[in-house]
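Engineer: In case you want the letters, here they are:
Protein chains: 2
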Amino acid sequence: MRFFFYPTSVAVFGSFKKGAIAYEILKNIVDGGFEGQIIPVNPKGGEIEVAGISFKVAKKLEKNVDVAIIAIPARFVPSLIEEIGDKIKGAVVISAGFSEIGNFALEKELVEKARKKGVKIIGPNCAGIFGVHANFFGSFEVRVKKGGLALISQSGAFGGAALAMGDEEGIGFSAFVSYGNAADLTESDFLEYFADDKNTKVIALYIEGVKDGKKFIKALRYATSKKPVIILKAGKSKSGSKAAQSHTGSLAGSYEIYKAAFQQFGAIEVEEMEELFDAAKVFEMYEKGGKKVAIITNSGGPGVLATDKVERLGLKIAKLTDNTINELREFLPPQCSLKNPIDLIADADYERYKRTIEVVCKDENVDALLVICVPPIFISSEEIAKAIIDAKCNKPIIVNFMAGELVREGIKVLEECGIKNFPTPERAAKALHWLNLRKDFNE
Amino acid sequence: MRFFFYPTSVAVFGSFKKGAIAYEILKNIVDGGFEGQIIPVNPKGGEIEVAGISFKVAKKLEKNVDVAIIAIPARFVPSLIEEIGDKIKGAVVISAGFSEIGNFALEKELVEKARKKGVKIIGPNCAGIFGVHANFFGSFEVRVKKGGLALISQSGAFGGAALAMGDEEGIGFSAFVSYGNAADLTESDFLEYFADDKNTKVIALYIEGVKDGKKFIKALRYATSKKPVIILKAGKSKSGSKAAQSHTGSLAGSYEIYKAAFQQFGAIEVEEMEELFDAAKVFEMYEKGGKKVAIITNSGGPGVLATDKVERLGLKIAKLTDNTINELREFLPPQCSLKNPIDLIADADYERYKRTIEVVCKDENVDALLVICVPPIFISSEEIAKAIIDAKCNKPIIVNFMAGELVREGIKVLEECGIKNFPTPERAAKALHWLNLRKDFNE
Numbered sequence: 001m002r003f004f005f006y007p008t009s010v011a012v013f014g015s016f017k018k019g020a021i022a023y024e025i026l027k028n029i030v031d032g033g034f035e036g037q038i039i040p041v042n043p044k045g046g047e048i049e050v051a052g053i054s055f056k057v058a059k060k061l062e063k064n065v066d067v068a069i070i071a072i073p074a075r076f077v078p079s080l081i082e083e084i085g086d087k088i089k090g091a092v093v094i095s096a097g098f099s100e101i102g103n104f105a106l107e108k109e110l111v112e113k114a115r116k117k118g119v120k121i122i123g124p125n126c127a128g129i130f131g132v133h134a135n136f137f138g139s140f141e142v143r144v145k146k147g148g149l150a151l152i153s154q155s156g157a158f159g160g161a162a163l164a165m166g167d168e169e170g171i172g173f174s175a176f177v178s179y180g181n182a183a184d185l186t187e188s189d190f191l192e193y194f195a196d197d198k199n200t201k202v203i204a205l206y207i208e209g210v211k212d213g214k215k216f217i218k219a220l221r222y223a224t225s226k227k228p229v230i231i232l233k234a235g236k237s238k239s240g241s242k243a244a245q246s247h248t249g250s251l252a253g254s255y256e257i258y259k260a261a262f263q264q265f266g267a268i269e270v271e272e273m274e275e276l277f278d279a280a281k282v283f284e285m286y287e288k289g290g291k292k293v294a295i296i297t298n299s300g301g302p303g304v305l306a307t308d309k310v311e312r313l314g315l316k317i318a319k320l321t322d323n324t325i326n327e328l329r330e331f332l333p334p335q336c337s338l339k340n341p342i343d344l345i346a347d348a349d350y351e352r353y354k355r356t357i358e359v360v361c362k363d364e365n366v367d368a369l370l371v372i373c374v375p376p377i378f379i380s381s382e383e384i385a386k387a388i389i390d391a392k393c394n395k396p397i398i399v400n401f402m403a404g405e406l407v408r409e410g411i412k413v414l415e416e417c418g419i420k421n422f423p424t425p426e427r428a429a430k431a432l433h434w435l436n437l438r439k440d441f442n443e
Numbered sequence: 001m002r003f004f005f006y007p008t009s010v011a012v013f014g015s016f017k018k019g020a021i022a023y024e025i026l027k028n029i030v031d032g033g034f035e036g037q038i039i040p041v042n043p044k045g046g047e048i049e050v051a052g053i054s055f056k057v058a059k060k061l062e063k064n065v066d067v068a069i070i071a072i073p074a075r076f077v078p079s080l081i082e083e084i085g086d087k088i089k090g091a092v093v094i095s096a097g098f099s100e101i102g103n104f105a106l107e108k109e110l111v112e113k114a115r116k117k118g119v120k121i122i123g124p125n126c127a128g129i130f131g132v133h134a135n136f137f138g139s140f141e142v143r144v145k146k147g148g149l150a151l152i153s154q155s156g157a158f159g160g161a162a163l164a165m166g167d168e169e170g171i172g173f174s175a176f177v178s179y180g181n182a183a184d185l186t187e188s189d190f191l192e193y194f195a196d197d198k199n200t201k202v203i204a205l206y207i208e209g210v211k212d213g214k215k216f217i218k219a220l221r222y223a224t225s226k227k228p229v230i231i232l233k234a235g236k237s238k239s240g241s242k243a244a245q246s247h248t249g250s251l252a253g254s255y256e257i258y259k260a261a262f263q264q265f266g267a268i269e270v271e272e273m274e275e276l277f278d279a280a281k282v283f284e285m286y287e288k289g290g291k292k293v294a295i296i297t298n299s300g301g302p303g304v305l306a307t308d309k310v311e312r313l314g315l316k317i318a319k320l321t322d323n324t325i326n327e328l329r330e331f332l333p334p335q336c337s338l339k340n341p342i343d344l345i346a347d348a349d350y351e352r353y354k355r356t357i358e359v360v361c362k363d364e365n366v367d368a369l370l371v372i373c374v375p376p377i378f379i380s381s382e383e384i385a386k387a388i389i390d391a392k393c394n395k396p397i398i399v400n401f402m403a404g405e406l407v408r409e410g411i412k413v414l415e416e417c418g419i420k421n422f423p424t425p426e427r428a429a430k431a432l433h434w435l436n437l438r439k440d441f442n443e
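Line order of the protein sequences matches chains A and B. Those letters in the first sequence? Residues 1 to 443, per the UniProt record's numbering, in order. Those letters in the second sequence? Residues 1 to 443, per the UniProt record's numbering, in order.
For the record, the hints were derived by calculation from the structure and aren't laboratory data. Accuracy of the hints is not assured; some may be wrong.
As the list claims (entries may be wrong) - Not everything, but these chain B residues come out facing chain A in the computed CB check (under 10 Å):
(1) Ala105
(2) Ser153
(3) Gly156
(4) Ala157
(5) Ala162
(6) Glu169
(7) Asn298
(8) Gly300
(9) Leu305
(10) Pro334
(11) Pro375
(12) Ile419
(13) Pro425
Said to hold, decoys possible - From the derived model, a few chain A residues whose C-beta atoms are all more than 10 Å from chain B:
(14) Phe34
(15) Glu47
(16) Glu82
(17) Gly266
(18) Glu271
For every residue, glycine included, the Cβ atom is placed at its ideal position computed from N, Cα and C.
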C-alpha cells in the first residue's frame, strides 16, 4: 500500500475548471511540491495552468502511474477503472453517489472491476489522501506540516477539520486518509500499514463503525503492538449510533464491545476531538510515560489546577527525595515552595527553570515533568522556552505555557524544537495520562 | 463598593520607572482610556510621560480620590493607609509581603488602620482590578473587551492568564478582581456586589478556599438567585489541597462540602479552565436553556460527535414533530437527513441554514439549537454566519464553526453580532449542558 502515500506518479481525473474538485486536488498536489509525475486526465483534453505551471490535459491515461485520483460522476467510475486498471496500482475515488445513497450495485461493480485488475481502491465518497513526507497532497483539504501523526478518518469533513485544527495546534502529520465508504480498503488495512510506516509515530483513527469486526481486532492488536493508536469512536450513544447509521451507513454496533477491544489492546480512546489533538501531540514527542509526576510552575494557582487533574486521572504527585529538595534549596529563593508542585514564583528566570528541571529529572521518584509558565514578569517567555529546551532531561516534559498572545513567542521557540504546548494545566495533565496508559500496555 | 469598579478618580502609589509595577498600572489606566482624574504619587515627585501624556508626580496625595492603588514595599503600606485614609474610599494593595509569607501582624495592622478610617481594602498581594465599563484598568494585566463577565480570582496569575485567554476566546468582561490575601474584602463581598452590577451578566469565580464558610454560602445563595455563577474550585484533590495551602494559605477544606453548596444553589461548577471560558461565553449570550436539543450540521461526522456528547451529558436529542419534518422536506434536497441531527450536507448555503433554523426553532419539542458548520465548499463561512444571524429564532443557538483559519471570517462576523463560537462539537454540547443546569435551578 506504500505507493499510495509515497507515489512516484499520479493521474487526476475530473474537471479542471477552477473550483472543480479535480482542479483543487491538482492544485494542492502542485502547490504542495510533489516531485513525481503529475498527469491531469479529461476526455476533452486541452491545457491548464496551475500555480504558474502549464499542464497538457491527457485525453486518456497512456502511461503507467502509481495512483489515480478520480473525481468524475459516479456512474462512470467502474468503467474508468476497467479501462485504466492495467496502468495503475491504486485509485482514490473521491466521487460520491455509491452505497451512501443506496447505489449498492454500482459500488459492488466498482470493487469487482478493481479486484479483477488487482487495483486497490480508497473510497469511494472520500476526501482523498496525503502522503506528507512525499509532499503528496492528494486531497482538496488544507495542507499540513510534516510530522509523526497518521490520521485515518471515516468522515471526510471530520478529517478535513482535524487537519486544519491539528495543524494550528502544532501537530505534524505523516499521512492522512479519508476512506469514505470503505468499499475495498478499510480502516483495518490502514491501521496495519501505518503500524509499519517509518515516518508514522502515532496513529489516530476516527470511526463511526467497522465493517469487519474480526479484521479490525486483528489490525488493532498489530498496530498497538507497534505504536500508539488513538481512537475517537463516534456513534457511542443511542442517538449518536442512529445518526452514524444515516451518515456513513455504519452499523455502529455495541459501543461496549468496541470499548473492551480498545482497552484490551491498550489503544488510547479519547472522548473529544480536542483530546485527539492533545494525545497526538504527546505521542509525537514521547512513546510512554509513568505515573509519578513532578510539577514545576512560576505561579501557584495553575500548579494547583494541574495537581488536581493529575490526581483525578489516577496519576501521582511524585514525592521528591530529600536529596532533590536539598539540591533545590541550594539555589532557589527561600519563598519558593519546594514541595511538589514546585513553585519557582513569578520572577523565575532561565537559570531557575533549567536547574530545577535538571535536578528534578534526576529524582528516581519522578517519571515525568509538567512544566507550567504564566507570562513571566521581567523577561520574555522565550527565555523560559530556551531553559526547557536546554535542560538536560531524559524523561518526558509536558509544557503548559498559558495566556495566548502573551506567551506566543515562547511557544514558537518550543515548537521549533519539537516541543508542543498544551494551553491549559488540565490539558497538560491529560497528556501525561495518555502517555501513562500507553506504558501500562507495554509493561 | 461601586467606586472600585466605576471610579471617578484614582491615585497610584509606587515607582514610576519604566517596568516598575506602579508604572505599568498607570500606563494601563491611561492606555485604557480612563476619563477620570489620575494622580501618580511618589515622595520623590518629578514628572513622567505615559502614552504621550505628561503627569506631575505628587509628593503626597492632596486631593480626595475614590481609589488608591498601592504598589510600595509592604512595610510602608499600613502607615500610608493611615496617612491617606481620610482622602480615599478604598485601596487596592498590590504589594506582596504580608500573611502569604508569614507576616500576619503586618496584615492585621493594615486592616485595623483601614477599618479605623472606613477604607475598604482589596488585597494585599493581588494583581489589581478592572472596571471595564468605566474604562478603568487598575492592574498590570492585559486589557480586555467590554462585555458581561465579572471574573473574581483568588490567584492573580490565574486571573491574568484567564483574562488574556478569555479575551482570545471572544469573551467580553464587565470586571476583574484579583483579591489576593483577602485581608478585608473577600470573594463573598465581590459575589454579592456583582450580583447587583447591571453590566455583569455572569460571574466566574476561581477559588482555592474561603475564609468564612457561612458568609460564602450566604453570598453564593444571593448571587445565584440573581445571575449565573461559574466556579472553578482548585485544591480539590489531596495533593491539590496541600498545594493550595502553601500557595494562598487557604485551608481548602473538604471539597465535598463545597460541592454540595455549589449544587444546592445551582452554581455552575466547572472542572477545567477551558470550561470556565465556555460556560462564561454561553451565559454572556443566554440566561438559560432546556434539555431538548436540535442539531443542524453540514457534515455528518461532527453531527454524530455532538449527538454523543449531548446524550452523555444527560440532554436529549429532540424528536422533531411531523410538521417540522414536512416543512423541511419542502425545501431541503432529498439527500439531506431530516432526522435530528439534521444534515444539510456539504453544499448547504445561506438559505438552507436560515430556513432550517427558523423551521426547527418553531418546533415545540425543541428547547435549543446546536448549529455546526465545517468549511463550506462553494461559499464562504461568512454566508453561513449571516444565515445564523438573520434567522428569526427566540431559542438559544449554540454555534460550532470548526477548522480554525478556514472559518475565521465567519467566526468574526458572528462575534461582531455577539454570537460566540465553540471550536468543537463537544465544547458546543457542553455549553448547552451548562445552560440547562441553570434552568434546573430556576424551575
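Engineer: Each hint needs a verdict: does it hold in this structure or not?
Structural biologist: For each hint, the structure was consulted:
Annotation: interface hint on alanine 105 (chain B) violated; nearest CB of chain A at approximately 18 Å, more than 10 Å. Interface hint at serine 153 (chain B): satisfied, since its Cβ lies 8 Å from the closest Cβ of chain A, which is below the 10 Å cut-off. At its closest, the beta carbon of glycine 156 (chain B) sits 8 Å from a beta carbon of chain A; the interface hint therefore holds under the 10 Å criterion. With a least beta-carbon distance of about 3 Å to chain A, the hint placing alanine 157 (chain B) at the interface is held under the 10 Å criterion.
A least Cβ separation of about 8 Å between alanine 162 (chain B) and chain A falls short of the 10 Å threshold, and the interface hint therefore holds. For the restraint placing glutamate 169 (chain B) at the interface with chain A, the shortest Cβ-Cβ distance is roughly 9 Å, inside the 10 Å limit, so the hint holds. Given the 10 Å rule on beta carbons, the hint for asparagine 298 (chain B) holds: about 8 Å separates it from the nearest Cβ of chain A. Interface restraint check for glycine 300 (chain B): the shortest CB-CB distance to chain A comes to about 3 Å, inside 10 Å, so the restraint holds.
Restraint check, leucine 305 (chain B) versus chain A: the minimum CB separation of about 5 Å is within 10 Å; hint holds. For proline 334 (chain B), the suggested interface contact is upheld, since its CB lies about 9 Å from the closest CB of chain A, less than 10 Å. The beta carbon of proline 375 (chain B) comes within 7 Å of a beta carbon in chain A, closer than 10 Å, and the hint placing it at the interface holds. Annotation: isoleucine 419 (chain B) was flagged as interfacial toward chain A, and the flag is violated, the nearest CB pair being 19 Å apart, outside 10 Å.
The interface hint given for proline 425 (chain B) holds, since its Cβ lies 7 Å from the closest Cβ of chain A, which is under the 10 Å cut-off. The claim that phenylalanine 34 (chain A) lies off the interface holds: its Cβ sits roughly 22 Å from the closest Cβ of chain B, which is beyond the 10 Å cut-off. No beta-carbon of chain B comes within 10 Å of the beta-carbon of glutamate 47 (chain A); the shortest separation is about 25 Å. Glutamate 82 (chain A), annotated as away from the interface, keeps every beta carbon of chain B farther than 10 Å; the closest lies near 27 Å.
Distance check for glycine 266 (chain A) against chain B: the nearest CB is about 23 Å away, which clears 10 Å, and the non-interface claim stands. The Cβ of glutamate 271 (chain A) sits about 7 Å from the closest Cβ of chain B, inside the 10 Å cut-off, so the non-interface label is violated.
Checked against the numbered hints given earlier, this structure breaks hints 1, 12, 18; the rest are met.
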